[in-house]
Amino acid sequence: AQSVTQPDIHITVSEGASLELRCNYSYGATPYLFWYVQSPGQGLQLLLKYFSGDTLVQGIKGFEAEFKRSQSSFNLRKPSVHWSDAAEYFCAVASYNNNDMRFGAGTRLTVKP
Amino acid sequence: DAGVIQSPRHEVTEMGQEVTLRCKPISGHNSLFWYRQTMMRGLELLIYFNNNVPIDDSGMPEDRFSAKMPNASFSTLKIQPSEPRDSAVYFCASSPPTGAPNQPQHFGDGTRLSIL
Chain H
-9 AQSVTQPDIH ITVSEGASLE LRCNYSYGAT PYLFWYVQSP GQGLQLLLKY
41 FSGDTLVQGI KGFEAEFKRS QSSFNLRKPS VHWSDAAEYF CAVASYNNND
91 MRFGAGTRLT VKP
Chain X
595 DAGVIQSPRH EVTEMGQEVT LRCKPISGHN SLFWYRQTMM RGLELLIYFN
645 NNVPIDDSGM PEDRFSAKMP NASFSTLKIQ PSEPRDSAVY FCASSPPTGA
695 PNQPQHFGDG TRLSIL
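As given, the protein sequences belong to chains H and X, one line each in that order.
So the first sequence is numbered by this note's numbering: it starts at -9 and just counts up by one.
So the second sequence is numbered by this note's numbering: it starts at 595 and just counts up by one.
In short, the hints are calculated from the structure, not lab data.
Fair warning: this is a prediction, and the values are worked out from it, not measured in the lab.
Do not rely on the hints blindly, as some may be mistaken.
To be verified - In silico lysine to aspartate or glutamate, DMTMM-like type, Cα no more than 25 Å apart, as pairs:
| no. | chain 1 | residue 1 | chain 2 | residue 2 |
| --- | --- | --- | --- | --- |
| 1 | H | K102 | H | E78 |
| 2 | H | K51 | X | E605 |
| 3 | X | K672 | X | E612 |
| 4 | X | K672 | H | E5 |
| 5 | H | K51 | H | E5 |
| 6 | X | K618 | H | E10 |
| 7 | X | K618 | X | D651 |
| 8 | X | K672 | X | D703 |
| 9 | X | K618 | X | D703 |
| 10 | X | K662 | X | E605 |
| 11 | X | K662 | H | E5 |
| 12 | X | K672 | X | E638 |
Chain X with its partners taken away, still in its complex shape (with noise of 0.2 Å):
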């Protein structure tokens, strides 16, 4: 069975551009989460979806960030503009429908975003 899929893996820019990142869940998963992964602050969730709807967005860092989920198959976090501090791991987890509190988190490879 694929994972959760997300691209690209490695991801090179200047600072003032703007940057997408995609991720595919799981078929059949209807929970969505972003995750940013650095040295200094661990792994912080940025925004969860349920059923392509946001539920919490708080862990977005400010306005530069903005994620969607046009549907249960696909979503993209996006900076615009980015900045060198975005520099990070970004990861895509996705899983089960709400209900069957036994099923974890499943985690793509990561996005490693580097902003010059």
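Chain H with its partners taken away, still in its complex shape (with noise of 0.2 Å):
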């Protein structure tokens, strides 16, 4: 089955820093892979997805994740960092049928000022 390590429990960054999440998943056929973002009393919001095609995917808020399946990674990166993107963030894998998603344990992102 597959499963998604998300080594970072917490990262603090500074307003306007560059930012780096880090994925690494585990599964034996082509991933689909997510990564999601989650405000506090809030559901899941999806940032952005990779199916096939292109490496580096583009998504909402300004956040862009790289596929590198050498590695088995898909870090999250977004060159500056605005104060309201301090949220948990998820990491998902999940089969083509989309049906058996699995998340990892989350980051969660604090931002200072």
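With the hints as a guide, bring both chains together as one complex.
Next up, the structure:
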């Protein structure tokens, strides 16, 4: 079965600094990869997804992620973080039919003024 | 467009009571998922339905938990009897028909359940 590891439980960055959140996956076939963001008291909102094609995918809110098959990674990046980006971020992997999505434990992002 | 709608948003009840959580998926979506989120265990898939039929309930923790989807626009997750360790945030999500693999799951805002 597929699984996801997010090595960083909590990350703190200064506003305006760049951000990279790490995600490693384990899956025997072609993975379908997602990043979701969860603000306090809210559900999960999709930031971006990767299924095939260009390994650098663009998402909402200025986020991007790069799929690296050789490293089994799908790291999330943003060049300049805003205070409103403070939230919890989840990486997920699914099979093609999307019905057995597995989430990582999440990374909590704190943004310093 | 309306998203996934869950009710209630918050539920506080005493242990031993029956709890029913409700979910209305996005119209046209035919897959529905129930998740539980806790600090200790993160986000866990409890059960999912496809075309109103339960496909995989291996994540349901025990017989006290049951889920139904009587029609395409409504699902319930029931806990009877409830216990303090059931306290968590429960999310419902839906996704469009399979065969469209580029369609992600859409999440509701969750029900925060506290069992005293």
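- prompt: Which hints, by number, does the structure contradict?
  reply: The structure breaks hints 2, 4, 6, 11; every other hint is satisfied.
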